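Residue numbers (the working numbering), protein chains in the order written: chain A, 1 to 289; chain B, 1 to 378; chain C, 1 to 378; chain D, 1 to 392; chain E, 1 to 315.
Treat the hints with care, as some may be off.
To be verified - For lysine-lysine, the following DSS-like pairs were computed, each having C-alpha atoms within a straight-line distance of at most 30 Å:
no.	chain 1	residue 1	chain 2	residue 2
1	A	113	B	21
2	E	248	D	129
3	D	129	D	28
4	B	352	C	365
5	D	360	E	156
6	D	130	E	156
7	B	209	B	263
8	D	103	D	33
As the list claims (entries may be wrong) - Sample of chain E residues facing chain A (criterion: CB under 7 Å; computed from the structure):
no.	residue
9	38
10	40
11	102
12	105
13	106
Honestly, the hints are just simulated from the structure, not real lab data.
In this text, all values refer to a predicted model and were calculated from it rather than measured experimentally.
The beta-carbon is built from N, C-alpha and C at its ideal position, and this holds for glycine as well.
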Amino acid sequence: MGTDSKFTFSPGRIFIYALLIFCALYYLAPLYVMLTTSVKSLDEIRSGNLLDFPRHPTFDAWQKAWGGACTGVRCDGLSPYFWNSVKMAVPAVLISTLIGSLNGYVLAHWKFKRSEIIFTALMVGCFIPFQVVILPMARLLGLAELANTTMGLVFVHVVYGVAFTTLFFRNYYISVPDELVKAARIDGAGFFRIYRSVILPLSLPIFMVCFIWQFTQIWNDFLFGVVFGGTDAQPVTVALNNLVNTSTGVTEYNVNMAAAIIAALPTLGLYLLAGKYFVRGLTAGAVKG
Amino acid sequence: MASLSIRGVRKVYPNGAEILKGINLEIKDGEFLILVGGSGCGKSTLLNMIAGLEPISEGDIYIGDKCVNDVPPKSRDIAMVFQSYALYPTMTVRENISFGLGIRKVPAAEQKKIVDRVAETLQMTHLLDRKPAHLSGGQRQRVAMGRAIARNPSLFLFDEPLSNLDAKLRVEMRAEIKLMHQRLKTTTVYVTHDQVEAMTLGDKIAVMKDGVVQQFGSPQEIYDRPANMFVAGFIGSPSMNFLRGKLQTHQDGLGFAVEHAGKQTVLPIPTSHLQAVKGLRNKDGDIILGIRPEHVTDAESARRSESANGYHPTEVDCVIDLTEPTGPDTLVFSSFNGERITCRTHPRAAAKPGQAMRLAFDLSKAVFFDPETEQSLL
Amino acid sequence: MASLSIRGVRKVYPNGAEILKGINLEIKDGEFLILVGGSGCGKSTLLNMIAGLEPISEGDIYIGDKCVNDVPPKSRDIAMVFQSYALYPTMTVRENISFGLGIRKVPAAEQKKIVDRVAETLQMTHLLDRKPAHLSGGQRQRVAMGRAIARNPSLFLFDEPLSNLDAKLRVEMRAEIKLMHQRLKTTTVYVTHDQVEAMTLGDKIAVMKDGVVQQFGSPQEIYDRPANMFVAGFIGSPSMNFLRGKLQTHQDGLGFAVEHAGKQTVLPIPTSHLQAVKGLRNKDGDIILGIRPEHVTDAESARRSESANGYHPTEVDCVIDLTEPTGPDTLVFSSFNGERITCRTHPRAAAKPGQAMRLAFDLSKAVFFDPETEQSLL
Amino acid sequence: AEVEVLHYWTSGGEAKSVAELKKMMEAKGVAWKDFAVAGGAGENAMTALKARVIAGSAPTAALIKGPSIQEWGNEGVLANIDAAAAEGKWDASLPPMLANIMKYKGHYVAAPVNVHRVNWLWVNPEVLKKSGAKVPTNFAEFFDAADKIKKAGYVAIAHGGQPWQDATVFESVALGVGGADFYKKAIVQLDQASLTGPTMIKTFDTLAKIKTYIDKDSAGRDWNLATAMVINGKAGMQFMGDWAKGEFTAAGKQPGKDFLCVAAPGTEKSFTFNVDSLTMFAVKGADAQKAQLTLAGAVMSPEFQEVFNLNKGSIPARAGVSRAKFDSCALKSMDDMDASSKAGSFVPSFAHGMAIDSAKAGAIQDVIAKFMNSNMTSQAAVQALAKAAKTK
Amino acid sequence: MSVTSPSEIKIPYSPKKASMPNRLQAFADVWLPRLVLSPTVFASLLFVYGFIAFTAYLSLTDSRLMPNYELTGFGQYQALFELDRWWVSAANLGIFGGLFILFCLVVGLLMAVFLDQKIRMEGALRAIYLYPMALSFIVTGVAWKWILNPGLGLEKMVREWGFPDFSMDWLVNSDMAIYTVVIAGVWQSSGFVMALFLAGLRGVDDSIIKAAMVDGASLPTIYRRIVIPALRPVFFSVLLVLSHIAIKSFDLVMALTAGGPGTSSDVPAIFMYQFSFTRGQLGLGAASAMMMLMTVLAVLVPLIYLESKEAKHGH
Ligand SMILES: Nc1ncnc2c1ncn2[C@@H]1O[C@H](COP(=O)(O)OP(=O)(O)OP(=O)(O)O)[C@@H](O)[C@H]1O
Ligand SMILES: Nc1ncnc2c1ncn2[C@@H]1O[C@H](COP(=O)(O)OP(=O)(O)OP(=O)(O)O)[C@@H](O)[C@H]1O
Ligand SMILES: [Mg+2]
Ligand SMILES: [Mg+2]
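Build out the structure end to end from the sequences listed, making use of the hints.
Okay, here's the thing in structure tokens:
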């Protein structure tokens, strides 16, 4: 919005750049520490400064973290859990996004009596502390025979993700003119046909936002994973936690850091690849400017 | 094609606001009805109810001779064009037009034929593969119309289809819509807040205000004999001039007496016109004279186009406040009895602001209103 | 107050597009300049350059006798009104108006006085404590003007200030702007794409197309003697009619010969006019006749308002395609030599579509164009 | 058949130890499902366990120790493994003190895996030598040594400021200052008089003094980082349980030579134990129940107790395990255990949840943590302690 | 459209027959939307409101390790209010919440405003600011712990650079530990706030800024007086999101200080977790959870009310 290229070399500009770069350093510092530590040897870590640049970079720790580190009796590294996470996150993200999208469509374009109140009431779901739901949810999952399965985890993430996705989609769809829906109704399309042919094709930006948001939330979740994941469906965060937290053993910091980065790779990748859609999607709808 | 009848229709929104307060309108098969009125008067609401997009609170709507109160939009055999065009942004023009056909299970080959023919008629064959975002305003408008035509409905509904276009394009598209109606003869309801559109397009005009139809009639009727001051002021551009004064006997008829430039001026009312305006006879006290700008012209033009029946417009000297040359005419603004009046004069005759000018008041088409009720005295 | 002079101004955007290709305009102190043209022709760009909001690629802009190329907007002593009004949404009307004063360190008491005076002039004293969101379009427009006036600048800039208003309001606000200019006599540059605004408001009009000024002159000049077919078609509503034909000697003068309804029709050009249009004399081959709708009228009206010099408009029988009653006149559309022509007739005289009607072509104001260059033959 | 075991042994040596158990079970034809949840002091594991129990799918066994076994027993969700105990003659091979902990209402419900001794002091002899200090046996000597070490420019006491480490130091100090009887009265029985008495005040005074020898960066430090300070010769001594030995050996250090394991000052005759035990949950199906008994038997088998404890640094819970492969520290531990059992100074570790139920333990831990991290007076501390002990 | 080619349109197809009976269609139009929404509504009734009710119930019982359904009154609340540690957590939530929100707003807004100045590397910088959102604190907690640890990280580094008096020991200082949580929290969330603000800034009408420039305002004045006030709705969304993060923050504190030193940086979420799950005081945990929920409501309700009011009176 700055209106002129005149400012290009003024002191003000230099100040702005300096400040932005300073901020960037603040943001990058933890990543730097993690990256350098992950390629140092344990000796180097013990003896040196953790902000030092690695002297003899080695990727052993990465290999171990991925395929060899112990997280209990299993010493297969993170890889099996990583795939557990994928199996959980992908369906959960897709389902919660889709449901959120349908809900948003209803709440924005098929309003009925009290639908606004329902919307507000649904929003409370965004704010419930997850610790509160553990016990009753465990009981229900047990009854439904979903306890300790990936299905169960998907279910839980969908239930508590839908509030957010509904909020995102509703705010986005509000900006789609009502007339479009009216036109399609007159053209003879029904509820689902309008959704499929008119609304859905318009939703790419907000789908991106929801995918990113939901994927981050679900991939990074630890509490649900540890409580409802049982033994077979434990996501990568739980494994990482097992790897990093030692009660009475030696801590391999380089492996921990490598594991941490591995566990974060999908979300990081998503942000780097689709981050610009994130900002764009927010601009397009979610924020009323 | 079908007639349309709206009987005692009311609309109360869930929030309790009564937006339409008993609307009665009736048009014949093939007629072109205009709903015109200020913003928020309920025009779109009424149109949406005809389309079936809003439930009816009370009353009935008949399309043809069938009550459609409970018929869903897609079964009403209507097509609608929206102010924002409401083109499906992700579909090409071709897909936009054939969408409704596809849903109605028209075979693909047939669809293609229809789309091509419609595109040809509207001269937009070259646009068929574009997306709406790559079309200009006028082209979008055309596509929206194409989409409506393609379905060949028995009732067309337009909601301010031209108000997003610029002035020039608006004039062109107006003519196109009129031509289209002449060719297809489909019954049409057209919402606008632009009185020029109302006048030029409609067979029938319903002037609305606050959810009530103020007057319903042909354009000429409404222009010449507005039912009240609202309609009179609303229809016609520039607006009708209103002067407050008294009736007075003048020679063998009546005259309209008004203070001007410190002295009493009497504008005689032509006898032929007096007969039409019967309500005037026994009116005491103040009344309001309504006179359109084209009936207050420069004296020279007036004399030249003097009406046949020997009535002479009264000439009055006025000081000019402002002139607006529009090309063919020049609008002249002046003050009369403290009120601004607008006059339409020949460009050559217009004086400069501050100068005096002789204006001729032609009362043979004047209308009179009761200052209390604002109703026309007819 | 100041004169404005734009000398050889060019604008190339960083993306390489040359949007303005050498603009030269000059207006005197107190004049009202209109920049008019289609969308995207560079009007706003030029205005922003005058305001100092866009750097100038080449050329100079003088306000008064000072080159302002390197003067920042706030020091140019200008005020600007935007199409979207650009009112500060979080401030009340009063704050909006006094913001610029505050920044210029006008004492608070003074500010209040100025705001009150401006509000009174624009009749919006009761709005002073509202936020823009709670104002109607017309009121916002008024506030935007108030903000501009308050600063009492030496140059007013308007960027399509009326295009977001509806037709009725537009007409009213147009008059207000004109009155304001008459009162304040501040030099003004006004951008619009509406030719009616251009005609009615301007002292000088610059018609632009593709970054080039097509014609620069007074409204009447541009209306009566458009420099080329673009200007001729752009200015005037409905548009000028263009007919393609040949010149032919006719009686002792020249006539414009054109095919119509299967036979040759010759429209004689009045001798008085011929003298004005010297370029015609030695013209072979096709030429294009431009004639405004008000010069093609019903025969009866034509006869009545016959020009003094004994020239009789030629009468031709035409079949009517469409009529558009606007109230004071009725527009009639017909075909002539395969081309659509628009005629402005008396409401009484207009025939029904499909019927024949006798139209009178008054060539005493006609213009002629070279079909190749589209330039006027003068 | 399969067994599912919830535990938080996830790193290095301990993970290897569990792997041994897994191997043994698989040899007996029972599949092993590993439900490992690390973090905190088993906080996450407990949360997961509760969810599993509520969901009706409790694991076969879970790593639960001390009074918590009774708490779970009260919920009625534990399995009776008397059959396995009878077969393995547990009563005969377990010290009665331990056997009682493993029982709910007279029936075995849990199998002990090991015994950790908590009241160790780990010493770097090199540092002591350089500072001219000698290995302390009581607090007077201890502070004398600490002063010297500090003067020599080392950190006297390596410590990690986490509540459980604070509590570990606290209990060693209480034991050293007040002796086993005081410890039992105050910390196990929560006798109000003992809690507020002069001995307890002295305990806190001592603790306050210890605080002054801890470097200021200790807050939040993991215990093994503190141990590393001793290993690297940055610090002289550390209060920590016998699992610290694993860190030393991993760094290639020899007990008795590169590092010393001595009883915390004044606790030579006492032994605070921390017994890890697998508590058995009621499972459905005869198959599963049989597998559960097999697991219990395997855990108590001398072979397993040997390998497991060799790996983990602790000593076997049961008698009759060959001492051959254990190092000097472990051997000392075993001897002290026998001696203290007889002397009645074999006491449960409060810091590791062996002494009192979790609510009270938590509340007391909060008080200690607060004391360690603020300027609270000893007087105020004992009052707070007494109040915390009343937690329901 | 040319008038002259009235090639009469005759469309053979005329949709006189609806594909579905009218009644059914009308019925579907009314009920389908509700039907689609109903699973979510039921899920929310059960999994949100039902569970809240369950927790409320538990808070009135003497549940220890496992739920116990015998009502015993408000004893747990009384016990809660008598606990020092609870008040420490509550105060910490106040400090953390307030500062976290404040700094996120300030940092996020500043970065957004600066990024909006046609910055060359905008895309890259934006990605850098945004990426912490992608990481869980289980991942970054260790790194932060190291950086903030005086013996290992920043303090040591700066001292080695030759500023021996530099001190950054908040992490190990009981009085300051909660502020390190603020630092890490701001690190994680301010990028997201920046993105929201940036989106808002891009939505502000350009001509308003031009108008202000003509009015004579300098760029900082324009932002301060006009642009930023116009972002009011964005402030609401941001506040909503941030207070939600602040109140629920668990991972963050757990990974960084685990509530320490001592209990000095404890927050209600940790309090609740520990009491419910490791200390066998489920009833007390439930009571603290209810208090948390009430705090959420106390923040949320006025915010939502204000925003909807604003929206109504806004455009
Ligand atoms: N869903 C609704 N609930 C309550 N009031 C409504 C609703 N929709 C419209 N209104 C109100 O009904 C009135 C009429 O609205 P309508 O859209 O019919 O006006 P309009 O005549 O089409 O105006 P415009 O020319 O601005 O389009 C307005 O005052 C509007 O605020
Ligand atoms: N910053 C820019 N960079 C590149 N091209 C631009 C920029 N701003 C405007 N243009 C282009 O310059 C041309 C002229 O724009 P301008 O806004 O001056 O048109 P205009 O005459 O005001 O049109 P309108 O009537 O639509 O407002 C347009 O084609 C536009 O796309
Ligand atoms: Mg409308
Ligand atoms: Mg423009």
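Tell me, which hint numbers fail for this structure?
Numbers 2, 3, 5, 7, 9, 11, 12, 13, in rising order.
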